[in-house]
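Each protein sequence line maps, in turn, to chains Z and V. Here the first sequence is numbered in my numbering, starting from 1 and rising by one per residue. Here the second sequence is numbered in my numbering, starting from 1 and rising by one per residue.
Treat the hints with care, since some could be wrong.
[Claimed, not checked] Computed from the model, here is a short list of chain Z residues facing chain V with C-beta under 10 Å:
#, residue
1, M48
2, L96
3, L99
4, A100
5, E101
6, E107
7, F109
8, W110
9, P111
10, F114
Calculated directly from the structure, the hints in this document are not laboratory data. For glycine and all other residues, C-beta sits at the position ideal for the given N, C-alpha and C.
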Amino acid sequence: MATYTKQDILRFLKEQSFMTLATVSPDGAPHVVVLLYAVDDDLSIYFMTHEDSRKAANLSASNTVSLVVWEHKKMSVQIEGTAEAITDEQKKDAVLGALAEAGAKREDFWPPIFRIRGGAYAVFRIKPNRIRCLDLAGDHMNEYHTPFTDLDISV
Amino acid sequence: MSGAHKLKMLVVEDDPFLIKFYKAKLEKRNFVVFCSPDGGRALSVAQEEKPDLVLLDIGLPGKSGFDVLKELKAHAETREIPVFLVTKSAEERDRKKGEELGAEEYIVKMEASFNDMMQRITEYFETSPAKKQD
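For reference, chain Z alone in the conformation it holds in the complex (with noise of 0.2 Å):
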């Protein structure tokens, strides 16, 4: 059974390029999309979407969020954490940039978010508060060992 380091879960991530982000809505309801991100050697997660959009909305009511990124035969990363607007121009613009390489990696991507009309952009940094890993590589889990392995963040 793996049990993933820092580093492990940061090259993964660095690696993939969508997660599944899940918001909340004013009256509670969960509201899950799939998204590009980027992410950034402490492990906070970035992303984009426009300003009209629902997630937009359901984050400013409340920014607690919470996602995964996964592959099949690999790895499983869970996160739970606070999203923040980035409202700093030319933070903004590298986080843009960031997202572009991320998206650029994959054959054939062409991103939804220019099909859908929407208000100008929002970027968005997560900050973890805890990360979940969980070992997809082998047949070895079994009911003796957790096939997690939680991530200590505060080092």
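We have chain Z already, so just place chain V on it with the hints.
Here is chain V on its own, set in the frame of chain Z:
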């Protein structure tokens, strides 16, 4: 589109994400990419860098893509540079206007993926070898 000669591409696009996305994708395909978020700068970059192809959005702040196209085709030093209009507009009148002003291709963003666009570019250079040799 192989060999040592790297083709130069000028991307004129005001969407701050799309312009970066084009650049990242095109650089992976071995293009040298110049970017301009508006029409005014696009003209000066085209004159300075003499790109092998221009990807030109129509809806730009200030000078529209049609204005830029008209000026590119009016100047002797940029007249021969092929221009692909890449736009949200699927309106027939815009397509016709682009053709009248001398655009080589008209691509609707909502209808074509990046790979579709690359295929049109590849086909263009394969059928216009003289332009590639410049």
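Hint-by-hint comparison with the structure:
1. M48: holds, 7 Å
2. L96: holds, 5 Å
3. L99: Holds: closest Cβ of chain V sits about 7 Å from L99 (chain Z), inside 10 Å.
4. A100: holds, 4 Å
5. E101: holds, 5 Å
6. E107: E107 (chain Z) check passes; min Cβ-Cβ to chain V is 8 Å, inside 10 Å.
7. F109: holds, 8 Å
8. W110: holds, 4 Å
9. P111: holds, 7 Å
10. F114: Status holds, d = 6 Å.
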